[in-house]
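Kindly produce the complete structure, drawing on both the sequences and the hints.
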Amino acid sequence: MTNNPERVVLLGAHGFIGPELERQLKAQLTPILAVSSRQLDLTAADSTSTLVRLLRPTDAVVMLAALTPDKGRDTATLVRNVAMMHTVCTALSQTGCAHLVYFSSDAVYDNAISHVTEDTPAAPQDLYGAMHLARERMALSLEGSPVLVLRPTLVYGHRDSHNAYGPNRFARSAKDSGRITLFGGGEETRDHIAVEDVAALTVRCLLKQRSGILNVATGVSTTFSAVADLVAAQSTRPVEIVRTPRVNPITHRHYDVTRLIKAFPDFRCMALADGIARMHHSLNQESHG
Amino acid sequence: MQPVMGFMGMTHLGLVSGVSAAEKGFQVVCFDPDPARIAPMRQGEMPVSEPQLDTLVATNAPRIRFTADAADLQACDVVYVAPDVATDDQGGSDLGQINTLLELALEVARLDAVVVVLSQVPPGFTRGKQRVGRTLYYQVETLIFGRAVERALYPERTIVGCAKPEEPLPSAYATFLAAHNCPILPMRYESAELAKISINMCLVASVSVANTMAEICEHIGADWSEIVPALKLDRRIGPYSYLTPGLGIAGGNLERDLATVCRYADQYGTDAGVVRAWIANSQHRRDWVLGVLYRDLLSTHAKPVIAVLGLAYKQDTHSIKNSPSIALLEHLQPFQVRAFDPVVPATAVAHPHCYGAATELDACAGADAVVIMTPWSQFAQLDPLQLAAQLRGKLVLDPYAVLNSAACRSAGLRYRTLGVQS
Numbered sequence: 122m123t124n125n126p127e128r129v130v131l132l133g134a135h136g137f138i139g140p141e142l143e144r145q146l147k148a149q150l151t152p153i154l155a156v157s158s159r160q161l162d163l164t165a166a167d168s169t170s171t172l173v174r175l176l177r178p179t180d181a182v183v184m185l186a187a188l189t190p191d192k193g194r195d196t197a198t199l200v201r202n203v204a205m206m207h208t209v210c211t212a213l214s215q216t217g218c219a220h221l222v223y224f225s226s227d228a229v230y231d232n233a234i235s236h237v238t239e240d241t242p243a244a245p246q247d248l249y250g251a252m253h254l255a256r257e258r259m260a261l262s263l264e265g266s267p268v269l270v271l272r273p274t275l276v277y278g279h280r281d282s283h284n285a286y287g288p289n290r291f292a293r294s295a296k297d298s299g300r301i302t303l304f305g306g307g308e309e310t311r312d313h314i315a316v317e318d319v320a321a322l323t324v325r326c327l328l329k330q331r332s333g334i335l336n337v338a339t340g341v342s343t344t345f346s347a348v349a350d351l352v353a354a355q356s357t358r359p360v361e362i363v364r365t366p367r368v369n370p371i372t373h374r375h376y377d378v379t380r381l382i383k384a385f386p387d388f389r390c391m392a393l394a395d396g397i398a399r400m401h402h403s404l405n406q407e408s409h410g
Numbered sequence: 007m008q009p010v011m012g013f014m015g016m017t018h019l020g021l022v023s024g025v026s027a028a029e030k031g032f033q034v035v036c037f038d039p040d041p042a043r044i045a046p047m048r049q050g051e052m053p054v055s056e057p058q059l060d061t062l063v064a065t066n067a068p069r070i071r072f073t074a075d076a077a078d079l080q081a082c083d084v085v086y087v088a089p090d091v092a093t094d095d096q097g098g099s100d101l102g103q104i105n106t107l108l109e110l111a112l113e114v115a116r117l118d119a120v121v122v123v124l125s126q127v128p129p130g131f132t133r134g135k136q137r138v139g140r141t142l143y144y145q146v147e148t149l150i151f152g153r154a155v156e157r158a159l160y161p162e163r164t165i166v167g168c169a170k171p172e173e174p175l176p177s178a179y180a181t182f183l184a185a186h187n188c189p190i191l192p193m194r195y196e197s198a199e200l201a202k203i204s205i206n207m208c209l210v211a212s213v214s215v216a217n218t219m220a221e222i223c224e225h226i227g228a229d230w231s232e233i234v235p236a237l238k239l240d241r242r243i244g245p246y247s248y249l250t251p252g253l254g255i256a257g258g259n260l261e262r263d264l265a266t267v268c269r270y271a272d273q274y275g276t277d278a279g280v281v282r283a284w285i286a287n288s289q290h291r292r293d294w295v296l297g298v299l300y301r302d303l304l305s306t307h308a309k310p311v312i313a314v315l316g317l318a319y320k321q322d323t324h325s326i327k328n329s330p331s332i333a334l335l336e337h338l339q340p341f342q343v344r345a346f347d348p349v350v351p352a353t354a355v356a357h358p359h360c361y362g363a364a365t366e367l368d369a370c371a372g373a374d375a376v377v378i379m380t381p382w383s384q385f386a387q388l389d390p391l392q393l394a395a396q397l398r399g400k401l402v403l404d405p406y407a408v409l410n411s412a413a414c415r416s417a418g419l420r421y422r423t424l425g426v427q428s
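Chains as they are written, first to last, in this note's numbering: chain A, 122 to 410; chain B, 7 to 428.
Honestly, the hints are just simulated from the structure, not real lab data. Incorrect hints may have been included.
Claimed, not checked - Simulated coverage check for chain B against chain A, where a stretch passes if three residues somewhere in it have a Cβ under 8 angstroms from a Cβ of chain A:
(1) 298 to 307
(2) 335 to 341
What the hints assert, rightly or not - Once the Cα atoms are required to be at most 30 angstroms apart in a straight line, the calculated DSSO-like pairs of lysine-lysine come out as:
(3) A:Lys192 <-> A:Lys329
(4) B:Lys30 <-> A:Lys329
(5) B:Lys309 <-> A:Lys147
(6) B:Lys309 <-> A:Lys383
(7) A:Lys147 <-> A:Lys329
(8) A:Lys383 <-> B:Lys327
(9) A:Lys383 <-> B:Lys400
(10) A:Lys147 <-> A:Lys383
(11) B:Lys30 <-> B:Lys170
(12) A:Lys329 <-> A:Lys383
(13) B:Lys170 <-> B:Lys309
(14) B:Lys327 <-> A:Lys329
None of the values given here were measured: they were computed from a predicted structure. Glycine is no exception: its CB is placed at the ideal position from the N, C-alpha and C atoms.
See below:
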């Protein structure tokens, strides 16, 4: 059974995933309140009371707001991120909500673990992962509402502002300089998911009021080398792929997405080649106008 | 003079054991406290399905008395207490019925009769039930669904739990056991009770190796079926080692024993990490069909139709407890399904779009994929060319390798099985 939420509140609406999620929710004719950091600084002293005034008990709240790793991986950043979550949880404990979806990260898993399911113990290796794990626990401690924690793998899309290593950086780099630089030979395997698919799955989760923990991944892992080859093959200009001396050990990451399949057996993720083609197209459109 | 044998609890274990004892030439009293269970059995209608069972009941009818009157057990020299022990979803045993029947046995059997607990019980159970003036033993059962009669008639060995293992077994009991022509291994109660669990742990370890290595084969181009003969010729592994990959551990008894070992480890502080890994591997492997089906069909087709052959948890049984087929169907709710099983009716499936096919080929008619979820021997007779003609799509998922892979590929089918890359 599916239920369109009365309203979806997006906190951190103007990041990478937020705009795509907003677009797809609008296509569902779902009422939305999109809140960005410019409209509400969740670390500000009065942010809790402001948020309380904005929220309704019938809202589905999607918490995307976070200072991403490119803005800092230190203790100060962790504290600010936790403070944001504290604001949200405090506000929700006063207003209540119909559903809370927390966007976490695969950084909660130990990098050395190559086969990951939702039952894999969370063992973050850095402060960024520790931050997300702490925020997950804060979300899950909310009483009276179903809470869903989403742990996305590497997300790609032309609007990625962090220039993450992988399809995002490769596509931009191929377009801008005709060159893709790999760490080592690009032997590591990773699961890459298109932002459109992340948003589509989130919409499904909202409609079904899913709770618990869900890894958001395709179940198909590809080497960075193969990703670079895909990007180069689809580029409109010649692309040189440069391999560099390896500094770090090769690690792999594969997701067993059985839980996702069981939740949505009819959901189809975009193939990486198709996603990269779409990204190329969008990047080219951006530069033309 | 041959001892008269009694068997209490006319569920799977007790019934098969009693009928097999009659086949060995013994007079047998088959008791169950429920008259409603006994009545049809007196008419030759057995509540369980096992190869040879119906034939043996008919053949040995003059030697078998089905009764709900506990006083009839007074005629018995040996009384086996043998109800099936139900397990819950957490692998815990429900000892209610064995407790009840054992109390009854100790109350009504002759004082010189031997009472034997045959049902699987936790270590410590039998010792806790001893009574002054009563001779009580524990005997390990090795029932296998689908081979229960064979296992009862021709055991590999008999493991007997005793209060005093160094003492000879009572004459009536020894006579009965000797009729099975296999080694008899007396030991203390707890060793016998744990022996059954230990047997199952060895089987699980072997299966887990097979599943783990088969999964690697599926990715690196090796074929596990080519490797297995080499392993079985290694004396340390042996020709009867259980190395066939499967869809996880199903049926309840193995899962119960895994849970029991974990519980003991937690209670006594011993390490059971490897046991928990086996459990996780079993759960992982159970989803192989769904994963391949998703990869090769569900992720690419908007409205696929899926044929499912086999609903029982294993062949030659009616049981669907912990059936991988039923578990798969729970995750195919959005899709059209056409199901067939030689014994289990499609009405046993809770699915909004399930068609109950009359035959295997009927199930495959117009389907985009066929999944063989229970390795019934009759499925091996299916002609791949006929399958290909019936199917709309050409995907065949055959985790148990019931069909000939070369014949399937020659027929133009996309054939997928455990242990080999697809």
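Evaluated hints:
no.: 1; hint: 298 to 307; in the structure: holds (count 5)
no.: 2; hint: 335 to 341; in the structure: holds (count 5)
no.: 3; hint: A:Lys192 <-> A:Lys329; in the structure: 34 angstroms, violated
no.: 4; hint: B:Lys30 <-> A:Lys329; in the structure: 60 angstroms, violated
no.: 5; hint: B:Lys309 <-> A:Lys147; in the structure: 26 angstroms, holds
no.: 6; hint: B:Lys309 <-> A:Lys383; in the structure: 16 angstroms, holds
no.: 7; hint: A:Lys147 <-> A:Lys329; in the structure: 17 angstroms, holds
no.: 8; hint: A:Lys383 <-> B:Lys327; in the structure: 20 angstroms, holds
no.: 9; hint: A:Lys383 <-> B:Lys400; in the structure: 23 angstroms, holds
no.: 10; hint: A:Lys147 <-> A:Lys383; in the structure: 26 angstroms, holds
no.: 11; hint: B:Lys30 <-> B:Lys170; in the structure: 28 angstroms, holds
no.: 12; hint: A:Lys329 <-> A:Lys383; in the structure: 13 angstroms, holds
no.: 13; hint: B:Lys170 <-> B:Lys309; in the structure: 66 angstroms, violated
no.: 14; hint: B:Lys327 <-> A:Lys329; in the structure: 29 angstroms, holds
In the structure shown, a violation is registered for the earlier hints numbered 3, 4, 13, in ascending order.
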